[in-house]
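Colleague: Knowing the structure of chain A, use the given hints to seat chain B on it.
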Amino acid sequence: MSSIVLLIILSVYLGLLFIIAHWAEKRGNSKWTNNPYVYTLSMAVYCSAWTYYGSIGVAANSGLNYLPIYIGPIIIMPAWIIILRKIIRISKVNKISSIADFISLRYGNSRFLGALVSLICIFGILPYIALQLKAIAETFHVVTKTSTHSNIFNDTTTYVAIALALFASYYGTRYVDASEKRNGIVTAVAMESILKLFFFLLLGIYVTFFVFDGFDDIYAKASILENFKEKNTIGGIPQAINWFFLCILSLFAIFLLPRQFQMAVVENNRESHIKTAIWLFPLYLLLFNIFVYPVAWGGNILFDGQAVNPDTYSLLIPQFFNNQLITVFVFLGGFSAAISMIVVSSIGLSTMLSNNVLIPYGFLGRLQSDVQETNNKKIVNIRKVGIFSLIILAYLIYRVFVLEYNLFSIGMVSFVIIAQLAPAFFGAILWRRGSRNGAVAGIIVGFLICTYTLLIPYAIGFTNFEQAFINQGLFQIQLLKPFELFGLDYLDPVPHALFWSILFNVLVFLSVSVSFKGNYRERNYAEMFVDIDKYITMHENAFVWKGTAYISDIRKVLSRFLGEERTKRALNLFSLKYNVDKSQELADSRLIKFAENLLTGHIGTASAKILISSVVKEDKITLPEVLKILEESKENIIINKKLTETSRELKMITAQLEKANEDLISKDKQKDEFLDTISHELRTPITAIRAATEILHDDDDIPHEMKKQFLSNIISESDRLNRLITKILDLEKFDSGKQKIYVTENNIYHTISETIMQLKQLVENKKITIDLISEKNSVKAYYDEDRITQVLNNLLSNAIKFCPSHDGNIAIFITESNTEIEVAVQDNGKGIDENDFEAIFDKFYQSSNQNIKKPIGSGLGLAICKKIVEHHKGKIWAENVKDAGGKVTFTIPKFNRETTA
Amino acid sequence: MKKILIVDDEPNIVMSLEYTFKKNNFEVFIARDGHEALDILKNALPNIIILDVMMPHVDGYNTLEQIKKDPRLKDTKVIFLSAKNKEKDIEKGLSLGADLYMTKPFSVKKLVEQVNELIK
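Quick mapping for you: the protein sequence lines, in order, are chains A and B. Read in order, the letters of the first sequence correspond to residues 1 to 901 in UniProt numbering. Read in order, the letters of the second sequence correspond to residues 1 to 120 in UniProt numbering.
Fair warning: there could be bad hints in the mix.
Unchecked claim - In silico PhoX-like cross-links for lysine-lysine, where the CA-CA straight-line distance does not exceed 25 Å:
no.	chain 1	residue 1	chain 2	residue 2
1	B	88	A	667
2	A	667	B	22
3	A	708	B	23
4	A	767	A	667
5	B	86	A	669
6	B	109	A	708
7	B	120	B	109
8	A	707	B	109
9	B	120	A	671
10	B	22	A	669
11	A	708	B	22
12	B	86	A	671
13	A	707	B	110
14	B	23	B	110
Said to hold, decoys possible - Residues from chain A shown here face chain B by an in silico Cβ test under 7 Å; the list is partial:
no.	residue
15	683
16	686
17	687
18	688
19	692
20	694
21	696
22	708
23	712
24	713
25	717
No lab work stands behind these hints: they were computed from the structure. Each residue gets a CB set at the ideal place from its N, CA and C atoms; glycine is no exception.
The following block holds chain B by itself, in its conformation from the complex:
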């Protein structure tokens, strides 16, 4: 079973994502900020991570930087999913090594397609 880690501090958005990916046969891990995400990643090796940018404590950019340092996660794909939709935010996210930057609000269907595409 494919594993997915969802990192977001908005419980209602997380709920939709969790439901959708479980339905698509993913094992779903959930973190509410970068801290929790990195904690989870100590044990779990997801195929893909969906990462919000604006989060309390440790933001998405920082989290990605940490992820990139971990050699165990070199095959893990990362998608930024953020309401920050400016050109420079997107550029920054991609330059840090994210595989995709999707802006909020997003289409659930599209997200699932993109995820499947990335981990094919």
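The following block holds chain A by itself, in its conformation from the complex:
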């Protein structure tokens, strides 16, 4: 296949990934990007080109030795639900964005330790990235049947590397806050994980069932090959121990590799996603391994005796049978595996490089601009350049050193280097006494041993120089032979190096930690890390700090990186969370921690601490004091919880009080209105009397007829005044409970008929018809007849008033149940405003939408009716009858012997 065609295919493929990343970035937190499957698949970034090509190489050369790399993670996976969750919690509350942040924060926010971890990671991973680039380049040449060009600028793979570097630096630095989620990258990596698995399975099926005749066929043909038996036995106890160490190694790697930390911890959206990961991820690894063996031995059969690199069997087999499609698919799968590893690793490494090395050790001074944009731009640029140069540097490593070792062994060396972080890392979450000095010493000693037992011999391997060092040891001391240190001669180089380096690493870490006390800050974070579950909700409480700090200074520092708006929002959030008065000037320990957290994502933990320390004045605290404060803070958290509950109750009570107060105010207002209305109502007849009397008094020439009229007016207005006063007094009696009712057995049919008779004149004047509808003409109940007559009189008067001037009709319904009687008075007028159904029974109620409109009648009638009915333990309500008019109904219990007050 020509390079051009393959390049076009590659660009289309890369373009597709760009689109997916872009789409996912835009979709933000949709269920397509934020779900446990994407999370798990993104973790499959573990399966790099090494898995994809290298496993086959190992299987072809040495049988089952590729397996421990997958067994380790699978063994530890169930424990993820505890360990990984803990790590995720710690990282989330502390805004941790890399393993360097994680370790350095735990050991007292140590700048040196953070930088050390970062450098170890970069040192370990850079060759690993080089390895991926090597895989891409070599397979590219295999597919196109070209060879590596000696001029770097004429080699097409150079440009592929540059394109990758650009992609990674563009999408890896979308957010200044490195602890933000990168949905685009995660989704693209998940997609690639699906593709690489799919293509690999496709190849496996092709080789097993199309090239060969199933697994049996391969086995049958392979078993007659030379060395088959030796390559496919575990090889006794020594080999089993080798396996054991390899499993431990990969177990460390699944936690410690920067790309795994990135995907499993930093990019984790929800803790619950781990639940899916613990079964889906092993399943993924298992599927990936099904066809490794058949393909490897299929290759061995096909290319028996030929000098081909077994790492490339997966391409050579389809190519051998001239199957271009499968060849390209396999290449794309390998390409996916490589680039996801490269992109994710370089993001992780550049975050560490910027946040844990460059910014705290030099660039912090350059980030002093008061403008947030300028600072953020600088940070992003540092990372962009970081990612880009890491990838290019890795490419140069590959080109310059032309790595001779196969994929597997370089990957292993990387693992061993990264494994040096294991004691400090696991110690961080399990052991309170672990100290910064212990961690630093352990990592350095471990790294030195690993250099001696692995790196130097491998480096010598490049040059084929001074083999004596390997064969005879340093200064020809047998005990110092790098591959057989202290005479340990049955381990392979990698397990051997792991054993000695980790052994010394752990011993030094333990002994230094125990021998020298760490400072209080270490101990403080130790508590927070080990007991994260206790501090998860209010972890700022667990931060011990004493000194003087002004909120305004902290605000200034924050806004330099977060901007005014976000700083304001964050501080508001803080004061809400901890119920802190916003006008407070002095910052407390919680705010210091909160502020450090806010900055951590941008510039790393160490720099965040440095920046905040630069504006506050911290007092020294002794270790016992820290422990005492922590003990108190644990209690405080419990007390705080109680306080929160109490405060919630208080809030509820306050709300109730406020409500009661409002009711009182409203009652008071009602009373005022009542008095207002009463005085108005009383003044109106007095006004009429006053005017008429004045005329009669002053005007001697008043005609006789007029005189009569005025005098009659005075009489009727006086009566009106008297009625009004009676009603007011009535109502007042009911209100104050002085009103008594005297119940006797009565016939409501009779009472109603009597009342109608009283109103006969009014009814006839308005030409209204009245229908009294009842099943029987004797419906007995106990009530105060005078009072109920008053009610009926009122309801009927109102009904008469509301009847239209023509064809007015009033219907009175009497219904009876076992316990009560019900009387309804219905007119055929306009009906009652729905909003007024209840309010018309209030004293002097004036329809709400026309608060000044004069009430009809005295405004007291219905209020008195209600009081009377209620004193009979009955109910009264108003409603409208469709197409008929208004209707007021009241009920009275039948047996109401008691005299109610």
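Modeller: Just chain B, lined up with the frame of chain A:
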């Protein structure tokens, strides 16, 4: 002849006012609420209006607002005559543009004097 419009829903008060102003040589128009008043004002142009506040349908304040919108009535004087005698009621009435606010009960003699004073 001077024209007066009396707007009140209390027939007995209206009767006294009607008698008094007729006797004082006014042509008297009578309305029982704001509605009727505005209807009458479509045709008649009184020199003065006596306006109650608490009336059914359209109250005195609303009525005055309508009156103030009519340019033909810009010279017409308005007196509020109301049993609402609180400070804030009086202020409201005057702020709407009434020339005088008299509270009920009132002296007939005083009212006549005030009316004559206003339309002099």
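Colleague: What are the numbers of the hints that this structure violates, sorted from low to high?
Modeller: 2, 4, 9, 10, 21, 22, 23
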